[in-house]
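Chains as they are written, first to last, in numbering that gives the first Met the number 0: chain C, 0 to 718; chain Z, 0 to 81; chain W, 0 to 229.
Note that these hints are calculated values from the structure, not bench results. The reader is advised that the hints may include incorrect statements.
Stated by the list, open to error - Sample of chain W residues facing chain Z (criterion: CB under 7 Å; computed from the structure):
#, residue
1, 102
2, 111
3, 148
4, 178
Unchecked claim - Take a look, some chain C residues computed to stay more than 10 Å from chain W by CB distance:
#, residue
5, 69
6, 165
7, 323
8, 680
Note that CB positions come from ideal geometry on N, CA and C, so glycine has one too.
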Amino acid sequence: MTIQDKPDHQRLGMTDDEYDAVIDLLGRTPRTAELAMYSVMWSEHCSYKSSRVHLGKFRSDQPWVVVGPGENAGVVDLGDGWLAALRIESHNHPSFVEPHEGAATGVGGILRDIFTMGARPIALWDPLRFGPLDDPHNRYLLDGVVSGIAGYGNAVGVPTLGGEVEFADRFSRNPLVNVMALGLMKREQLVLSAASGVGNIAVLLGNATGRDGIGGASILASASFEAGDEEKRPNVQVGDPFEEKKLIEACLELYDRGLVVAIQDLGAAGISCATSETAGNGGMGMDVDIDAVHVREPGMTPGEILMSESQERMLAIVTPEHVEDVLAIAARWEIDASQIGTITDGPDLRVFAEGRLVAEVPAASLADDAPRYDRPYERPCYLNALWDSEPAIPDEIDVAKTLNLLLDDPAIGDRSWISSQYDHTLFLNTVIEPGHDGSLLRIKGTHKGMAVSTDGDSLRTYLDPRRGAARIVFESALNVAVTGAQPYALVDNLNFGNPENPEVMWQFVEATDGLAWACEELNVPVVGGNVSFYNQTDGVDIYPAPVVGMLGFCDPMPDRPPRLDRAEQGMGIWLIGQEASDDFSGSAYDRIINGTLRGRPLDVDGATARELIASVVEMAFDVPVLHDVSVGGLAVALAEIAFVSGTGFRVDDVSGRELFDETPLRVVAITHERDLETSVPRRRIGTMGGDQLGFGAAGSMDLSAARRIWADALPRRMR
Amino acid sequence: MKHTFSVTIERRSGLSDPEGATASRALTDLGFAGVHSVSFGKVISIELEADTAQEAATQVEAMCRKLLANPVIENYTIENVS
Amino acid sequence: MTIAVVVFPGTNCEHDARYALALLGSHAELVWHRDDDLSGATGVVLPGGFAHGDYLRTGAIARFSPVMAEVERLARQGTPTLGICNGFQILCEAGLLPGALVANRDLRFICRTVTVRVESTDSILTSHTSVGDLLQIPLNSYEGNYVLPAAIDGAPSPNVVLRYCDSSGASGKQMNPNGSTDSIAAVADANGTIVGVMPHPERAVEDILGSTDGRVLLESFVSATASVVA
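Bound conformation, chain C alone (with noise of 0.2 Å):
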């Protein structure tokens, strides 16, 4: 059967039971748009169907939560009426399809979610996920996304701090785009997306409608790719920045000015989405005119208007006597506006065209009434053939030699390449800059700080998916504590392959229960989460990766935070925390040395990471560096610290093998300091100073020479 054939909600990728509850709901057949807006509402992408009924197990009733789950940002308080708002997305198929508008478009969408909450977008992290470099095509979608997120976060006036970057051959045809954005506001601008008041106004804010991107949430992000996928172009929507920006200062405004009730940006399933959430979410209904909406393109039909994912547009909800004022603001700010809606009592949410009744529907039940699917999970039969063998590691091992192929891993050699694309200093509060652990940012005119880390492990992840999920957690929380951060706040990515694979659910499962325990281990609340299934290519799954984004928050903030190129000839060295115990699954050596990856990686008591984190904050307010040990182990942190502040070192008495050990839970303190002052076990291992990376009889290398290659090593397969 071709797919001329099927039935039209097959084609809109709708299952027959799918289809069977809709017309169950309505008690009739759904008309064309209605069948279009249940489509796209119901994907996987929109409804969490096949995950929900697994997020329930993450916390958010702390008390600094303001807001949690469920709406287009979580919310956090601050203290002083301070309000920082933090989201984290995924754009991966729309990425594949189209490097650069897809990663672009991913920045803007994120950016909405933020400010529609009624913070300002501050500040923007992409952790990214690629297949390995030697393949030409993996370097032409590293280079366009990265593109993407620079030209459309840069002028879109936002700084992106960074984020992560793995390479594995799993993402090959299936790259993570994910990206992560924080807002900070005052408590009187919170506005949130519950309509309410009938007879109030639905105004359609931003960007002129066209034919871009229909379909897109429901066709891109809710199935696997096949071969010849590239092809999906015309589904990708293309974004513009400067609109983006114009909206930003046009809605921060209306906010300040308290013209809006509710407000909602326009995402996934665009119009049909936001009119039936709004309304939805208020208890209300809404009559939308269709013939209002201020379109592009002649001839588009009401379904085409309803679903488009045209970019850059927001839907406010504004009571009748502030239309003008509203209006005025928009136009003010050079962006079209137009009345599209008026809000009932509901339920049902109406669409008119030319006068004709098009759907009907009640609103509430596009989002609630979306099917929840228990699927079935398994553990997969792969795990016991990985846990029945341990990672080969010799017992002496030739550490420059090993250390030279790790520092020109374009996973761990500098990613200034994609740092140094982005604006990183606009506003004027980037403490810490990419390059380190966590970014710290001020807030201006207190004594606060926010610490952002974003952190993933796919290939951990895969070894183990409770204790990799878990060790991304804990890991995150140790980024944003050498800056002096306490963790505060996650939000996740879940990137998984198909979920009707019972195996990968399994690793959801698994995932998702190992970075629920972490948090509540740490007392940290998941304000918010994004689930990417169907990252399945040609049948292959990818590797599972979870990413976190874990916001960190300190006040006051350290008077000189610890940074990497503090570090002086002279000053001793430290090794902080747990004692290496022979952690190589999933490891940099086992990757690059062996080629191989297998073991089960260790564990992590909650207890003790709890007590090194706080450790840690305490100590990141006296020691000029703390540096966490992760990738490739103590011996790449030395290093990193070493090419950074220009200053080589000497450490004794650490074989081989503990250089190149990944067990968690490891800082590294250099200090002028006798002692270190902590309760947490730390042992002295040497002393800053010279030219050399000296690690003792293990051998040693010229500073500037492990540099370079340290430094060539993203760049010279880019060029």
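Following the hints, put chains Z and W in place on chain C, whose structure we already have.
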């Protein structure tokens, strides 16, 4: 009467043209021997109302001088494609 | 009166410019590009960003915004006029400064702190510095490559204010981040009262942000505005 003009804007010769230089290197790398130079420009299509073709051309010329081209770095040519 | 910081749709460094000027004890007001009265302004700043989306050419459309007639009037009568990054591009498009700005040599956006060397103190940006001073200033641009077709036009040599260099003060192709003609990072008109600068001095005004080398440049500008009788 409606007229359609095509305006071609090119970088003045002798000026730095990073797009052109990069494309030229890439073409050579791809085995296209004998590529001397590549220069980038843009084509702008303008539809306008005017009584005569001459009057339309005069207007387009003025548009180029005032806004569409930067004479410091760019040359332009105008073609009536009505 | 005050310094006018002009805001075009797409400008994004206006708050940073105002914040930095305030740190130096100066008062600046944001002026929307449709306003056409700057009477009373003691100085003008065209801040960075992507005015009018940088469509057509960077600065090309901004140059025709209503406010620009007034900016030109003030600039030509000697009111201190400073274009930073995108503002530099607009001043060139408006013909207030020679040359033009095109895409960086490597066709990539560059965000990093660069070293610049003071070439002339005869400008509103450098009057408080000495020739040869080395300053660390963040650079943030895609179209930061300054092109000066002087050789073609036989125009007088430009009033170069800052040049890109390395930490020892040496200039050359290796130390030139974006391919600018003669490593020019800032240029002034013949009187030194209209200046375009590609790196962002307003991003280097506090220790906590990594450099304070932008202060001396903005202090020069502020003191020039102080002597203006508006």
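*Broken hints, numbered, in rising order?*
Per hint list: single violation, 2.
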